[in-house]
Structures are given as structure tokens and as C-alpha cells.
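Letter by letter, the chains look like this.
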Amino acid sequence: MTTMVEMKNARLATAGDPNAAVSGLLRALVEQGIVEQVFAPAVQPGGGASLALFADPKEFDAIRAWTPVMPVQGARMVSRMAYDNAEAKVAVVLKPCEARATVELIKLNQIRPEGLTFITVDCPGTCEYRGFAAAGLDVAAQANAFALALEGGEATPPEGAPLRKACAMCENPAAAWGDLRIQGFGLKVGDALELEMTGELAEKLAGVKTLSFEESGANGRDGVIDALVAKRTETRDALFTELEAQGLGKMKETFATCILCMNCMEACPICYCKQCIFKSPTFEHSAGSYTRWADRKGVQKMPSETMLFHLTRLNHMASSCIGCGLCDTACPMDLPVATLFRKTADKVQKMLEYVPGRDLEDEIPLMVFRENELQDEAGAKD
Amino acid sequence: MAEPAVISQDFEPRIVAFLCHWCTYTGADLAGTTRQQYPPNVRVVHLMCSGAVDVVYILKALMDGADAVIIGGCHPGDCHYQSGNYKARRRIAILRNVLEQFGIDRDRVMLRWISASEGKLFAETINEITDAVREMGPAEFKLGWDV
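Chains F and W supply the protein sequences, listed in that same order.
Count along the first sequence starting at 1, add 3, and that's the number in our numbering.
Count along the second sequence starting at 1, add 5, and that's the number in our numbering.
One or more hints might be untrue.
SDA-like, lysine to any residue: derived pairs with alpha carbons at most 20 Å apart [said to hold, decoys possible]:
1. K304(F) <-> T257(F)
2. K255(F) <-> K147(W)
3. K353(F) <-> L246(F)
4. K304(F) <-> D69(W)
5. K65(W) <-> L263(F)
6. K255(F) <-> D110(W)
7. K147(W) <-> F258(F)
8. K147(W) <-> H288(F)
9. K304(F) <-> T285(F)
10. K353(F) <-> E105(W)
11. K255(F) <-> N266(F)
12. K65(W) <-> M268(F)
13. K350(F) <-> D112(W)
14. K65(W) <-> L311(F)
15. K168(F) <-> A136(F)
16. K147(W) <-> A171(F)
17. K255(F) <-> P143(W)
18. K304(F) <-> K65(W)
19. K282(F) <-> V61(W)
20. K234(F) <-> G223(F)
21. K147(W) <-> Q249(F)
22. K350(F) <-> R111(W)
23. K255(F) <-> G108(W)
24. K147(W) <-> V302(F)
25. K11(F) <-> S215(F)
26. K147(W) <-> K234(F)
27. K147(W) <-> A259(F)
28. K253(F) <-> P143(W)
29. K65(W) <-> Y293(F)
For the record, the hints were derived by calculation from the structure and aren't laboratory data.
Just chain F, with the same shape it has in the complex (with noise of 0.2 Å):
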């Protein structure tokens, strides 16, 4: 699971239809006693995506490992699952986004990765949910041309849908963490994936017929992500730029529309408390406090402590922020949070010298500390 593990290679052939090769290899996970169940993302009976929990392998048809859309954060659910041990053997399917969440998640004892065994994808991006359920767009007619767009790097988005904010700005597509890494970028994905795995799996997997263990000699793969990342890390820094320097007023124009529903830490895979003190007594204040925060100020923003909610959540999570901008996605307000929080986390990660999502082995950042460090921050005279 770590990256210290050496790894396998194999070819997955797929037949034109990557998604249905990727459940026919989950399904052969099954067969061989490797795993019991598999956690995926996948198409609804009514067409919608969502994630979903397999157990019996007539169903894997549903599966689509790579969905257009991504309306949950995988992570949070693998955390729902397996904060505890899970009784069965699980595969769990993810993004590269969900697989850098997954490795927060089990450092902060979140998830138990024991009986897990964690597949990732590279990822082309994916829509807004709500542009692609008002253009009419269908999930299962678009999977594929999501899986087979890894070829040239990011999907094109269908008409009216485009790519979630947070994925134009993702310089982290890869799949690069797991126990089985399945690769598509700059390959020809319609003939076959590469696929990366432990030595434990690959001698398990060895008499599965769409597989083939020999070298490939496929090199187009560094060139593409490279190519993507650049395009991206661009993109990120131009937004990046636009909320440089915006004063508090700004920040407050930012935020008057916010409803303190929550969903951003409900969305969000770091914010995993089980009881946020947003929701606790200490924020159920006494009628007589608003008329007096009223009385002071001269006049009172209701609901109250919107930018507290913001700011604390931000101090809270900043140091592991994946930047999934699932945030994004569950703010009804259409609010630009991803962006700004991956900002804020962004400096703050660099301060900490901390990569979130990288390797289980580095440790989160407000768990340990150096002696000799930030001490400017303490008052220390240069």
C-alpha cells in the first residue's frame, strides 16, 4: 500500500469499453478470493452516478469507474465503511482526489485500511453535477468517452456541463497511490490500460484471461501528464491570482450570501468530526445575544457567524486540504470556496513543508512539530 512496495505491470485489455474491462477485472478480484466486496462509483437505475457498495458480481455491470460527474467524495464514504473494521474484504475504486483524501482519512484514524484494498484510476476530470443534469447529459452514454478521452489527457466536456473548477485546476490527475493503479494517459485506452500493481496481487491475478504481464513499451504516458499538469497548474495559478490581495471587504462581499448550511463541511473528506461545534450548544446562543450583538454593532447579520464558520473550518482542515472541490459541488450559493480554501491551504501546506495525500509516512502536520521552527510566528526577533 505504501509506495515502498514494489510494484507489478500488466495490460488490461478492454475491447473499446474501458469501464466494462475495469468491472470484468473487479469481478475476477471477487473470483479469486481477493476481495468480497467492491466499493465503485456507478450508474443508478435511473441513470444518475453515485457510489455504490457491491457485493453480489451480477450487479458490477453498474459499475463505471470512470463517471463523468462526481457528486460525493469517495473517501468520505470508505471513512463511513471502514472506520471500524469492515467484516468483509473490500476493493475500493478512487479518484486520484478520493485516493489523497483516503490516505488523510487513515492518518487521522478515520478509515481502517486493514481488509482494504485501494484501486485508483487516473482521472480525465469530471463536470459539475448541476450543469450536467440541466443539459440532459447521461451518465452511462458519457462514461466512456470520459475513460477513453485519458488518451489525449482531460476529457472535453459535453455541451453545457463543464469540468468542475477544482479538476481544471488539479495537477494531481494521476493515479499514484494504491494497491492497483490503473493507467490510461497518453495511452490507446480503446485496446488496453496499464495497470500497476503489488507483486501480491499480480501472482493472485496471473491466470485472468484480459490480462497480459509483459512490458508494453507504451511511453506516451509522462508526456501527456505533463503536458495536463502544466495546462493546469496555469489555470490554478490565474485563479489563484484573482483572490491575491482581495482586503476583508472583499472576503465579506465573498461570504454575504452564505446560508450556513454546511454542506461544505458535510462534503468535505477532511471535515470528518463527528460532532462540529457549529452544531453544538456552544453555537445555540441565548435569544437576548442577538439583540445585543445587534445593540453593539447597530445591526446583525442573520444567520450570525458566517465568516466564523468559514474561518475556523479553514484553520481546521487547511493543512490536509486535498483540493477536491466537492465543497464547490454542495454550495448552493455558488459560493467560490474550492478555490479559496485550496488557496489558503496552499500557502499554509507549503509553510508546513507538508504534501497532503501523498504517502501514508508524513505525518499530518498538526500532530507533530519541529523544535526550531516558525519562530516568527512565536514573536522571535530576526
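We have chain F already, so just place chain W on it with the hints.
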């Protein structure tokens, strides 16, 4: 009922101080018993450890009328809970970064190490900080009703 927060010529900063029981609070006590003079602008909240200060306490203070917040803890290596002050330093560093992104002067939040024997340093620090905050003017947060 509290005074309305208005900018006036004779602005007197309100500073909330979260002080750890073992060092800075005791240092403040020593400042008193040794008759060190320091301005009355600081309101002390007594905690067991600087590591027990959650950012929400600091932010709530800033939004509800404080012009600045000071967190006082034991010197590095002296924490009575081994590492509370080091962890506080990371948290405060993150907070100061976040405040800056939101357009608030990061020096509205200050972390200082003052030991139980440094009553004089406590008085000097409060003097210094009160002057600095007086220079900064009233905190933007407490003035707005829209936060």
C-alpha cells in the same frame, strides 16, 4: 451593555489574552505582585495550556470586540504537557496565514512565550502589544455587522 465600536481619536485597544496556567498566567501574577505597570487594555482568559486554545476562541474574540488576541505559553521545551506549546505554535501559524488571506493583519493574533518568573517580561510585552494595536487601530472584524 457594551459600547458601540466606533473609531474615535482616543481609541483604546481591547486585547484578549489566553494565558497558560503554568507559565504566562503565573508570570502575569508575578507582574502584579511585583508591581510592574502595564496598561489595563488586556482581558485575561486563564487556560491550562496554550495548546488548549482552539482557533475558534481567538476568532470569536476578534469578531465580538477584541482588537487583538495574545496567546501566552511556556517557552519551548518548558511545556508542562510536553508539547502543547509547540502544537499551539503550528495552529497559530496556520491561523495567521488564514487571516492574511482574508485581508486581516496577521499581527492581530500574537503568540508569546513568557515564563512564570518573567513578570517583568509580561508587563513589557503587554505594553509593547498595546502600543502596536493602538497603532493598528480598531479591528476590522468587530466593526462589521456582516461577519
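query = K350(F) and R111(W): Cα distance at most 20 Å?
reply = holds (14 Å)
inquiry  = For K65(W) and M268(F), compute the direct alpha-carbon distance and say whether it is at most 20 Å.
reply    = Judged against 20 Å, a Cα distance of about 19 Å means the pair holds.
Proposed proximity, K65(W) with K304(F) (alpha carbon, max 20 Å) = holds (15 Å)
query = Can the restraint linking K350(F) and D112(W) be considered satisfied, given a maximum Cα separation of 20 Å?
reply = holds (17 Å)
key: Hint consistency between K65(W) and L311(F) [alpha-carbon to alpha-carbon, up to 20 Å]   = holds (7 Å)
message = With the threshold set at 20 Å, check whether the alpha-carbon distance from K147(W) to Q249(F) stays at or below it.
response = holds (19 Å)
Hinted pair K147(W) and A259(F), Cα distance within 20 Å = holds (16 Å)
query = If you draw a straight line from the CA of K147(W) to the CA of A171(F), is it 20 Å or shorter?
reply = Violated: K147(W) and A171(F) sit about 37 Å apart, past 20 Å.
task = Would you mind confirming whether the straight-line C-alpha gap from K253(F) to P143(W) stays at or under 20 Å?
result = holds (19 Å)
task = Measure nothing beyond the straight line between the CA atoms of K147(W) and F258(F); if it is 20 Å or shorter, mark the hint as holding.
result = holds (16 Å)
ask   = For the pair supplied as a hint, K353(F) and E105(W), is the alpha-carbon distance within the 20 Å limit?
value = holds (15 Å)
query = Has the given pair, K147(W) with K234(F), been kept, meaning a C-alpha gap of at most 20 Å?
reply = With a Cα-Cα distance of about 42 Å, the restraint between K147(W) and K234(F) is violated, given a limit of 20 Å.
Consistency with the previously given hints fails for numbers 16, 26, ordered from lowest to highest.
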